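Note that the protein sequences, when read in sequence, are chains S and X. When the letters of the first sequence are read in order and numbered with my numbering, they come out as residues 74 to 566. When the letters of the second sequence are read in order and numbered with my numbering, they come out as residues 219 to 333.
Hints are computed from structural coordinates only; laboratory data are not their basis. Everything numeric in this text was worked out from a predicted model, so none of it was measured. Incorrect hints may appear among the rest.
Straight line, CA to CA, 27 Å or less: simulated DSSO-like cross-link-like pairs of lysine-lysine [said to hold, decoys possible]:
no.	chain 1	residue 1	chain 2	residue 2
1	X	Lys241	S	Lys226
2	S	Lys226	S	Lys97
3	S	Lys234	X	Lys241
4	S	Lys565	S	Lys125
5	S	Lys123	S	Lys565
6	S	Lys437	S	Lys515
Sample of chain S residues lacking proximity to chain X, with all beta carbon distances greater than 12 Å (derived) [unchecked claim]:
no.	residue
7	Leu93
8	Leu99
9	Glu178
10	Leu237
11	Ala244
12	Lys268
13	Pro270
14	Leu354
15	Leu357
16	Leu490
17	Leu545
We treat Cβ as the ideally placed atom computed from N, Cα and C, and that holds for glycine.
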Amino acid sequence: MINLLLFPVIIPLLFAAIMLFFPKNLLMQRTIAVAGASLTFIAALFLLAKVKTDGVQAVTLGNWDAPFGITMASDLLSVLLVLSASLITLFVVFYSFQTIGVERERSYYYPAVLFLLVGVNGAFTTGDIFNLFVFFEVLLMSSYMLIVHGGEKPQLRESIKYLLVNVISSALFVAAVAFLYSVTGTLNMADLAVKIPQIEQTGILTVIAVMFLVVFGFKAAIFPLYFWLPSSYYAPPIPILALFGALLTKVGVYAIMRTYTLFFTMNTDVTHQLLAAIAILTILAGCVGALAYFDVKKIIIYNIIIAVGVILFGVSQMNEAGIDGAIFYLVHDMLIKAVLFFLVGIVAAIFGTSNLREMGGLIKTYPVLGWTFLIAAFGLAGIPPLSGFPGKLLIIQGGFEGENFWGSLVILATSLLVLLSVVRIFVYAFWGEPVKTIPLSKSAYYQMFIPSLVLVAITVFVGVGAELFMPLISGAGDVLLNPSIYIDAVLKE
Amino acid sequence: MEIIMSVAIGFLFMAAVYLMLSKSLIRIIIGTGLLSHGAHLLILTMGGLGGTAPPVVAEGVGIGDYVDPLPQALILTAIVISFAVTSFFLVLAYRAYQELGTDDMNLMRGIEDLD
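Okay, chain S solo, but in the shape it has when bound:
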């Protein structure tokens, strides 16, 4: 037994707790936030090496054996997501120095960010469905704080709706857990995967599976349940938006991936076909939004919804190509969403508005920013050498191999719409007649631009060096496709 997998949860918790003692000391806040996020990232790297060589790691807290105690389990999928989440948090902390404002920094901004990381990493690592609820609440509590942080009027107004939606989905989560417990008598995910195939009445389990889809769908923003996302994410400032866009919906996606591959496999005709149909509808709804708005933030926000649909379509195919593609696309999307929000934040800061109609001609004054944005936009749409391509290719291949070739066709067609929606930002903001801009000091600009540039370089590396990452991705896919690996590791049978 090794406790290494608990470090990405404990380190940010410890550092955030330390930071609570002196909120006014700006230098200490920044230093400790960077130290906490980097240590988490390093711990995640060690964990990745450990999981790669030794297989799935599991810890039962208090040494109670698996079905009784609380289990934390880390397979390749969860450690990859923990790694990306920690990396993005680190970059968000760097990016926040210039953009979030001293007032916000002095009122517990960095502790909230690290507490959010605690919840996200915990949700990725936990092996117990009730504990998943607890970690969801940890990350939601920090997200409530971040979304209202600063207390501007639109923030207050939107956070009430955000809070209400999440309180309702949490109550549904508790109810769904109660039903699952009454049917199976266990809440440990590995134990559920053993017990669910033994139950003969699959009808009630299908109902519970759909109920979980609704609960996680609220978090992941799938088709009918994404209504809260665009306006809620629009309210907070850009660094918080980048953090939310990169991490929060992905936790819901991860939960759907985990539950729908590990134990809700008793009636795939109903549940996975439903998931595929919803995924396609999610993509279409996101495309409508991304093309409808003339606002840079809104366009990228709707692209979050599109990506969720693409990933879930890959998951719903339940074959190797689809699952591997979904995992690759999930990691890619976390990185690229953070980058795009960073870059859009710089553009919005330069123009002083996020309305596309009031922008123009930035390529003359900020050429490097323009080309970086174009690379990120191509990466999002999946232009071949960049990071969106391998994942999307595998997902589409999975759709053609499975029964849902029409879904793959929709994804292919909507890739063009995604490209159109982001290139529109490029055309409006960088081309055309120059308009009056807000002068940005050199140091402020570089403090915003350099983290974005490094993150773009990382996404390009992920895309170009996809062959390097494929062993990790397919290893993660193996665990999802063969739940017995996960079950054996946790229950030690």
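For chain S, the structure is supplied; the task is to place chain X on it using the hints.
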């Protein structure tokens, strides 16, 4: 007993939905409180009612007599969380009422954000 519990849970959910559909913010918050209470009672009921002996091995107690401790642990966690969220919601509602000057959800639409 299970029937009574089911009716009670259903009534709590019904009342919660009714309250959450109203305009006033404070009614909505009370609705969310009722909703989480309904969910907690659901866990208690789903764990199986009727066990009376504490979950400690003792002489003369059959397997069916033990109470299931897990739902109680789950409820305890869920209650604490819903308590924290409700108190946060109340503070948020108060601040929003101060800033926005209304507690009517109809007047809280994000009109100026629309392009």
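For each hint, the structure was consulted:
| no. | hint | in the structure |
| --- | --- | --- |
| 1 | X/Lys241 - S/Lys226 | 19 Å, holds |
| 2 | S/Lys226 - S/Lys97 | 24 Å, holds |
| 3 | S/Lys234 - X/Lys241 | 12 Å, holds |
| 4 | S/Lys565 - S/Lys125 | 18 Å, holds |
| 5 | S/Lys123 - S/Lys565 | 18 Å, holds |
| 6 | S/Lys437 - S/Lys515 | 16 Å, holds |
| 7 | Leu93 | 16 Å, holds |
| 8 | Leu99 | 25 Å, holds |
| 9 | Glu178 | 20 Å, holds |
| 10 | Leu237 | 6 Å, violated |
| 11 | Ala244 | 4 Å, violated |
| 12 | Lys268 | 15 Å, holds |
| 13 | Pro270 | 21 Å, holds |
| 14 | Leu354 | 23 Å, holds |
| 15 | Leu357 | 20 Å, holds |
| 16 | Leu490 | 18 Å, holds |
| 17 | Leu545 | 34 Å, holds |
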